[in-house]
Amino acid sequence: MFRLKVAFRKLRLQRKQLKNLRTDKNHARYSEQQEVLRLLLGHPSVLFSTERKDTSSNHLYKYVNGLLVTAKNDKMYRYTLRLLENE
1 MFRLKVAFRK LRLQRKQLKN LRTDKNHARY SEQQEVLRLL LGHPSVLFST ERKDTSSNHL
61 YKYVNGLLVT AKNDKMYRYT LRLLENE
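The sequence shown: position 6 = 6 (this note's numbering), numbered continuously.
Just so you know, the hints here were simulated from the structure itself, not pulled from any lab data. From a predicted model like this one, the values you see are computed outputs, not experimental measurements. Glycine included, every Cβ here is placed at the ideal spot set by N, Cα and C.
Lysine-lysine pairs mimicking DSS-like chemistry, simulated, CA-CA at most 25 Å apart:
hint, residue 1, residue 2
1, LYS16, LYS53
2, LYS5, LYS19
3, LYS62, LYS19
4, LYS72, LYS16
5, LYS62, LYS16
6, LYS62, LYS25
7, LYS19, LYS75
8, LYS5, LYS16
9, LYS53, LYS72
10, LYS72, LYS62
11, LYS19, LYS72
12, LYS72, LYS5
13, LYS5, LYS75
14, LYS75, LYS16
15, LYS62, LYS75
16, LYS53, LYS5
17, LYS53, LYS75
18, LYS62, LYS5
What follows is a set of in silico ranges between Cβ atoms, one per label pair, in the way DEER data are often shown:
hint, residue 1, residue 2, range
19, MET1, LYS25, 38 to 44 Å
20, ASN26, ASN65, 20 to 26 Å
21, LEU18, ASN58, 17 to 23 Å
22, GLU51, HIS27, 30 to 36 Å
23, HIS27, PHE2, 31 to 37 Å
24, ARG3, GLU87, 25 to 31 Å
25, SER45, ASN73, 18 to 24 Å
26, LYS5, LYS25, 33 to 39 Å
27, GLU87, LEU11, 15 to 21 Å
28, ASN86, LYS25, 15 to 21 Å
29, LEU41, LEU81, 15 to 21 Å
30, GLU51, LYS75, 19 to 25 Å
31, SER57, ARG82, 32 to 38 Å
32, MET1, LYS75, 16 to 22 Å
Work the whole structure out from these sequences, hints included.
Following this line, the structure appears as structure tokens:
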């Protein structure tokens, strides 16, 4: 159950972040975050993982690791969601 909760939170955070970046002028950052979402959706082992990934094998894992830390901590997750919704 915990893995499912963390996976849902990762997706929700990533979608909110993409929504906020859509209006931003930084196209490279937006494209990179789209790749992170595709990585999460395309690789269930990454989405449902509760362990940090080694960034030397894929540079996008640094964003996945950040999502993981935020998704695992209830207080940080709620705070981040509020920040993303207010932007």
